[in-house]
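**Q** The listed protein sequences derive, respectively, from chains Z and B. Here the first sequence stands for residues 1 to 482, numbered as in full-length UniProt numbering. Here the second sequence stands for residues 1 to 482, numbered as in full-length UniProt numbering.
Don't read these hints as lab results, they were simulated from the structure. The reader is advised that the hints may include incorrect statements.
It does not matter which identical chain is used: a pair holds within one copy or between any two.
In silico DSBU-like pairs for lysine-lysine, Cα to Cα no more than 35 angstroms straight-line [what the hints assert, rightly or not]:
1. Lys347 / Lys103
2. Lys451 / Lys17
3. Lys347 / Lys332
4. Lys103 / Lys274
5. Lys366 / Lys134
6. Lys347 / Lys449
7. Lys103 / Lys482
8. Lys451 / Lys73
9. Lys274 / Lys73
10. Lys17 / Lys366
11. Lys449 / Lys73
12. Lys17 / Lys332
This is what each chain is made of:
2 protein chains.
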Amino acid sequence: MSQQHTTTPDALIPALKLIVGEANLLLSGVHDDALTPYLEESRQRVNSVCQCIVFPSTTAEVAQIVATCRHHKTPIVPIGGNSGRCLGAHSDDPATVMLSLKKLNRVREIDIANRTITVEAGCILQTIQETAEKHGLFFPLSLGAEGSCQIGGNLATNAGGINVLRYGNTRDLTLGVEAVIPNGTVFNGLSALRKDNTGYDLKNLLIGSEGTLGIITAATFTLSPPERNNEHGFIAVNTIEDAITCLHQTNQVFTGKVSCFEIIPNLAMQWLEKHSDLRCPIGNNHPWYIWYKIASANPDDSLAEDNLACLEALMEDGIVIDATVSQNEAMKTLFWQIRETLVEVQKFEGASVKFDVSVPISSVAKLINTGYTVVNDLCPDIRPYPFGHLGDGNIHFNLSRPETMSDETFVNHYKATLVEALHDLVDGLDGSFSAEHGIGSQKIADMAKYKDPIALDMMRRIKHAFDPLNLMNPGKVIPPLK
Amino acid sequence: MSQQHTTTPDALIPALKLIVGEANLLLSGVHDDALTPYLEESRQRVNSVCQCIVFPSTTAEVAQIVATCRHHKTPIVPIGGNSGRCLGAHSDDPATVMLSLKKLNRVREIDIANRTITVEAGCILQTIQETAEKHGLFFPLSLGAEGSCQIGGNLATNAGGINVLRYGNTRDLTLGVEAVIPNGTVFNGLSALRKDNTGYDLKNLLIGSEGTLGIITAATFTLSPPERNNEHGFIAVNTIEDAITCLHQTNQVFTGKVSCFEIIPNLAMQWLEKHSDLRCPIGNNHPWYIWYKIASANPDDSLAEDNLACLEALMEDGIVIDATVSQNEAMKTLFWQIRETLVEVQKFEGASVKFDVSVPISSVAKLINTGYTVVNDLCPDIRPYPFGHLGDGNIHFNLSRPETMSDETFVNHYKATLVEALHDLVDGLDGSFSAEHGIGSQKIADMAKYKDPIALDMMRRIKHAFDPLNLMNPGKVIPPLK
Numbered sequence: 001m002s003q004q005h006t007t008t009p010d011a012l013i014p015a016l017k018l019i020v021g022e023a024n025l026l027l028s029g030v031h032d033d034a035l036t037p038y039l040e041e042s043r044q045r046v047n048s049v050c051q052c053i054v055f056p057s058t059t060a061e062v063a064q065i066v067a068t069c070r071h072h073k074t075p076i077v078p079i080g081g082n083s084g085r086c087l088g089a090h091s092d093d094p095a096t097v098m099l100s101l102k103k104l105n106r107v108r109e110i111d112i113a114n115r116t117i118t119v120e121a122g123c124i125l126q127t128i129q130e131t132a133e134k135h136g137l138f139f140p141l142s143l144g145a146e147g148s149c150q151i152g153g154n155l156a157t158n159a160g161g162i163n164v165l166r167y168g169n170t171r172d173l174t175l176g177v178e179a180v181i182p183n184g185t186v187f188n189g190l191s192a193l194r195k196d197n198t199g200y201d202l203k204n205l206l207i208g209s210e211g212t213l214g215i216i217t218a219a220t221f222t223l224s225p226p227e228r229n230n231e232h233g234f235i236a237v238n239t240i241e242d243a244i245t246c247l248h249q250t251n252q253v254f255t256g257k258v259s260c261f262e263i264i265p266n267l268a269m270q271w272l273e274k275h276s277d278l279r280c281p282i283g284n285n286h287p288w289y290i291w292y293k294i295a296s297a298n299p300d301d302s303l304a305e306d307n308l309a310c311l312e313a314l315m316e317d318g319i320v321i322d323a324t325v326s327q328n329e330a331m332k333t334l335f336w337q338i339r340e341t342l343v344e345v346q347k348f349e350g351a352s353v354k355f356d357v358s359v360p361i362s363s364v365a366k367l368i369n370t371g372y373t374v375v376n377d378l379c380p381d382i383r384p385y386p387f388g389h390l391g392d393g394n395i396h397f398n399l400s401r402p403e404t405m406s407d408e409t410f411v412n413h414y415k416a417t418l419v420e421a422l423h424d425l426v427d428g429l430d431g432s433f434s435a436e437h438g439i440g441s442q443k444i445a446d447m448a449k450y451k452d453p454i455a456l457d458m459m460r461r462i463k464h465a466f467d468p469l470n471l472m473n474p475g476k477v478i479p480p481l482k
Numbered sequence: 001m002s003q004q005h006t007t008t009p010d011a012l013i014p015a016l017k018l019i020v021g022e023a024n025l026l027l028s029g030v031h032d033d034a035l036t037p038y039l040e041e042s043r044q045r046v047n048s049v050c051q052c053i054v055f056p057s058t059t060a061e062v063a064q065i066v067a068t069c070r071h072h073k074t075p076i077v078p079i080g081g082n083s084g085r086c087l088g089a090h091s092d093d094p095a096t097v098m099l100s101l102k103k104l105n106r107v108r109e110i111d112i113a114n115r116t117i118t119v120e121a122g123c124i125l126q127t128i129q130e131t132a133e134k135h136g137l138f139f140p141l142s143l144g145a146e147g148s149c150q151i152g153g154n155l156a157t158n159a160g161g162i163n164v165l166r167y168g169n170t171r172d173l174t175l176g177v178e179a180v181i182p183n184g185t186v187f188n189g190l191s192a193l194r195k196d197n198t199g200y201d202l203k204n205l206l207i208g209s210e211g212t213l214g215i216i217t218a219a220t221f222t223l224s225p226p227e228r229n230n231e232h233g234f235i236a237v238n239t240i241e242d243a244i245t246c247l248h249q250t251n252q253v254f255t256g257k258v259s260c261f262e263i264i265p266n267l268a269m270q271w272l273e274k275h276s277d278l279r280c281p282i283g284n285n286h287p288w289y290i291w292y293k294i295a296s297a298n299p300d301d302s303l304a305e306d307n308l309a310c311l312e313a314l315m316e317d318g319i320v321i322d323a324t325v326s327q328n329e330a331m332k333t334l335f336w337q338i339r340e341t342l343v344e345v346q347k348f349e350g351a352s353v354k355f356d357v358s359v360p361i362s363s364v365a366k367l368i369n370t371g372y373t374v375v376n377d378l379c380p381d382i383r384p385y386p387f388g389h390l391g392d393g394n395i396h397f398n399l400s401r402p403e404t405m406s407d408e409t410f411v412n413h414y415k416a417t418l419v420e421a422l423h424d425l426v427d428g429l430d431g432s433f434s435a436e437h438g439i440g441s442q443k444i445a446d447m448a449k450y451k452d453p454i455a456l457d458m459m460r461r462i463k464h465a466f467d468p469l470n471l472m473n474p475g476k477v478i479p480p481l482k
């Protein structure tokens with residue numbers, strides 16, 4: 001910046017008010033009631049502190065805020081829909097300026113012939129899904145928080161969700177991004193191209209960087225033909241190995257049409273029936289359940305018939321032991337509700353440790369089978385609850401405390417050991433300790449322990465090259481040098 | 001490096017011989033006959049100079065070479081199969097050490113259950129395709145040079161090819177990379193995971209960086225079920241707009257199954273019939289031809305029948321004016337040969353200017369229609385020859401000189417103006433002047449002219465953070481600061 005550093009810290013807030021207007025700035029100690037919902041972490045483990053939250057409504061305002069904070073050497077923490085799982089939008093520094101993207105929420109353009117949509121970072125995911133649908137197209141990113149999460153947060157964390165098997169992660173759906181980089185300038189990378197080899201891949205560098213290299217303000221996504229014709233299966237198998245046979249067989253029969261393929265353990269079915277009104281649509285005593293969806297844009301595709309034939313063959317081979325298919329919309333809704341609700345009912349069984357790990361598909365059986373032994377050895381009668389995205393190797397290997405143990409004992413005496421043991425197992429299987437949730441400040445210690453030191457060194461070089469003052473979402477993603 | 005800089009420049013060659021062995025180093029002025037084929041550019045426009053070429057056969061050797069060259073402040077240019085189109089593996093500095101990856105060419109692992117393959121950078125693309133096929137799987141990267149290009153070069157340039165529409169570019173097929181970075185250490189990013197959100201996307205930063213941030217030594221790719229069941233169409237349309245209608249309709253009917261969708265101008269068909277033994281399988285006087293392929297892993301999919309029905313509807317609507325489908329393997333081979341040979345026959349019509357541009361699908365018609373007018377205004381009777389990957393917006397908008405103009409006049413008096421005019425047009429349509437070939441040293445001026453200055457600044461920061469001495473493939477990708 002060309003102007004001299006003659007301003008005092010007290011000049012920051014007036015400067016920010018000049019940018020966004022008085023009504024778009026909430027000040028700590030003054031507007032605390034209004035501030036509170038933004039500072040509370042959704043799982044209520046820890047609340048943020050800051051000196052203010054600003055609500056810019058244009059990219060130019062975001063750029064001015066970033067430049068102003070840099071001038072004042074003030075840290076910035078961008079915040080989205082507050083549904084992150086790793087404290088990626090958390091601030092523990094009372095000097096922080098938090099920057100909400102919620103008012104930067106326009107759909108800028110939808111290009112039917114190019115099958116693309118350009119949206120601003122504060123758009124709610126569900127709004128984008130609905131806008132695409134209204135235009136006869138489909139935005140496949142889908143996850144539990146879709147009604148409240150903002151696309152900027154999905155981009156910052158490269159969110160996954162249930163359709164990754166077919167459509168990829170957020171990164172794979174993104175053709176271009178616009179971002180304010182730490183020096184307060186705007187990177188205009190809003191490409192709508194499917195092929196562009198002009199230099200380094202800055203788009204993918206910004207996606208998944210959790211706001212530490214800049215603030216993504218808008219993105220252009222590719223859209224798909226709508227899944228007008230879709231069929232579901234809800235099946236039971238005896239082993240993880242059999243589940244993977246089903247995955248490969250389904251992928252073979254329905255090339256490019258398997259949208260999701262989710263595994264559910266028996267315990268989840270028990271707890272669903274105990275704690276909710278939902279009922280298992282097939283026998284409730286099978287070891288493992290799978291919910292999958294196949295879909296096509298072509299209404300003439302014989303999905304229902306082919307689905308039955310595929311299942312019949314798997315049952316004849318003894319791979320599938322029980323099964324039902326979607327006979328109507330109510331059945332499809334039931335399958336989806338089971339998958340969504342199984343996440344919620346776990347809390348009724350007391351304290352738990354949650355995981356977001358992935359391994360190669362060829363190692364999922366080993367992960368789960370060995371994982372059961374490992375955690376039971378450390379904590380007898382522990383109740384493992386592994387579920388999730390079998391199709392892409394991403395298992396949420398959650399663990400509920402033993403029935404008779406107190407929450408406090410479990411959390412204080414077992415949690416750390418269990419996390420370490422399971423992450424060690426994952427690491428030994430060349431897996432990831434954070435498949436789709438990111439790092440935030442919560443998994444910094446895991447980054448230091450498991451990530452290739454050369455990779456960490458490369459990340460630190462990039463971070464320093466972009467943000468030498470370490471003002472952009474400090475303390476996230478990259479562990480400090482020892 | 002810990003050792004002191006006591007070595008003289010004369011010590012470099014002996015140090016390199018110690019690493020790779022005497023037999024794996026070719027010295028300029030000593031082994032010139034053996035060196036020549038590596039220095040000649042495949043289109044013979046310009047030859048490289050260097051002090052030697054080394055042929056390491058392990059990643060450890062590559063790392064030692066890079067560390068040694070850094071110690072001697074000597075530039076390194078990595079070379080692959082010499083089929084690049086933008087002088088990305090060119091050296092004009094006689095002090096350069098060129099590093100061939102050809103002996104680093106093992107298939108390290110194939111994991112059937114995970115559907116992944118790990119190969120070293122020197123593997124020929126076709127070898128990887130064949131290895132996958134032998135194991136009942138499919139590696140979809142496919143391009144003209146596949147019999148000679150090395151996968152390291154495909155990774156360095158994020159190569160495209162004919163199957164991008166369905167499977168994406170090289171980047172989209174890559175799960176992990178191993179690379180030697182400029183400080184001579186090895187980045188071990190050989191992940192076989194489909195979901196991993198642990199920090200910045202170093203993989204995609206290295207892919208497409210054309211050896212300027214490090215040398216990719218190996219990669220893990222995702223494989224697909226084989227395209228056992230496939231059908232082709234060869235059709236004629238009157239306009240680009242109609243061609244795009246066909247694209248959308250085909251994508252709708254065959255969700256996720258359209259592997260390629262290529263456009264061919266009438267002129268190409270004329271020149272094919274004039275300069276080769278190939279004959280157009282339908283009437284040869286139509287304005288535009290399209291070759292497309294639909295494929296499935298499921299032998300029971302009724303592709304042939306559905307293809308006919310789809311075409312029938314398009315003909316009834318007057319969109320498709322002539323058509324044939326693949327009735328046997330010979331027909332499929334013919335379609336493929338037409339697409340491959342049309343690139344070669346252009347040379348029989350004299351000098352040409354070649355392009356590798358892309359625009360949003362919604363702007364392809366404008367690109368081609370306006371493009372014809374623009375180039376004809378600049379050079380009356382010029383013969384435009386636009387063909388290529390309509391499905392992803394990447395058109396090779398080649399231009400042959402007017403019939404009666406000399407090659408020399410065309411190249412000396414028109415080429416630069418034509419390139420600028422067409423790249424300006426592409427830029428105005430938010431397109432890319434290099435869709436799949438990369439930048440190398442050939443398109444450096446275009447980078448300076450068309451690329452967002454903020455993006456260039458970000459690239460320079462990254463380059464400097466990784467390679468402060470600018471020794472890794474210098475002069476490529478990033479234009480010098482004015």
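**Q** Hints first: check each against the structure and report whether it holds.
**A** Going through the hints against the structure:
For the identical chains of this complex, Lys347 and Lys103 are intra-copy neighbours only, at 33 angstroms inside a copy versus 56 angstroms across copies, given an alpha-carbon limit of 35 angstroms. Proximity of Lys451 to Lys17 under the C-alpha cut-off of 35 angstroms is restricted to the inter-copy arrangement: shortest distance 34 angstroms between copies versus 41 angstroms within a copy. Proximity of Lys347 and Lys332 under a CA criterion of 35 angstroms is satisfied intra-copy only: 25 angstroms inside one chain copy versus 58 angstroms between copies. When the C-alpha separation of Lys103 and Lys274 is checked against a cutoff of 35 angstroms, the pair qualifies neither within a copy, at 41 angstroms, nor between copies, at 62 angstroms.
In the homo-oligomer, the alpha carbons of Lys366 and Lys134 lie at most 35 angstroms apart only across protomers (27 angstroms), although the nearest pairing inside one protomer, at 44 angstroms, exceeds that limit. Within a single copy, Lys347 and Lys449 get their C-alpha atoms as close as 29 angstroms, which meets the 35 angstroms cut-off; across copies the closest is 57 angstroms, which misses it. Proximity of Lys103 and Lys482 under a CA criterion of 35 angstroms is satisfied in neither setting, with 39 angstroms inside one chain copy and 39 angstroms between copies. Proximity of Lys451 to Lys73 under the C-alpha cut-off of 35 angstroms is found in both arrangements, the shortest distances being 30 angstroms within a copy and 30 angstroms between copies.
For the homomeric pair Lys274 and Lys73, neither the shortest alpha-carbon distance inside one copy (53 angstroms) nor that between copies (69 angstroms) is at most 35 angstroms. Taking CA atoms no more than 35 angstroms apart as the test, Lys17 paired with Lys366 passes in neither setting, with 56 angstroms inside one copy and 45 angstroms between copies. In the homo-oligomer, the alpha carbons of Lys449 and Lys73 lie at most 35 angstroms apart both inside one protomer (30 angstroms) and across protomers (34 angstroms), since each shortest distance falls under that limit. In this assembly of identical chains, Lys17 and Lys332 lie within 35 angstroms of each other by CA distance neither inside one copy nor across copies; the values are 49 angstroms within and 66 angstroms between.
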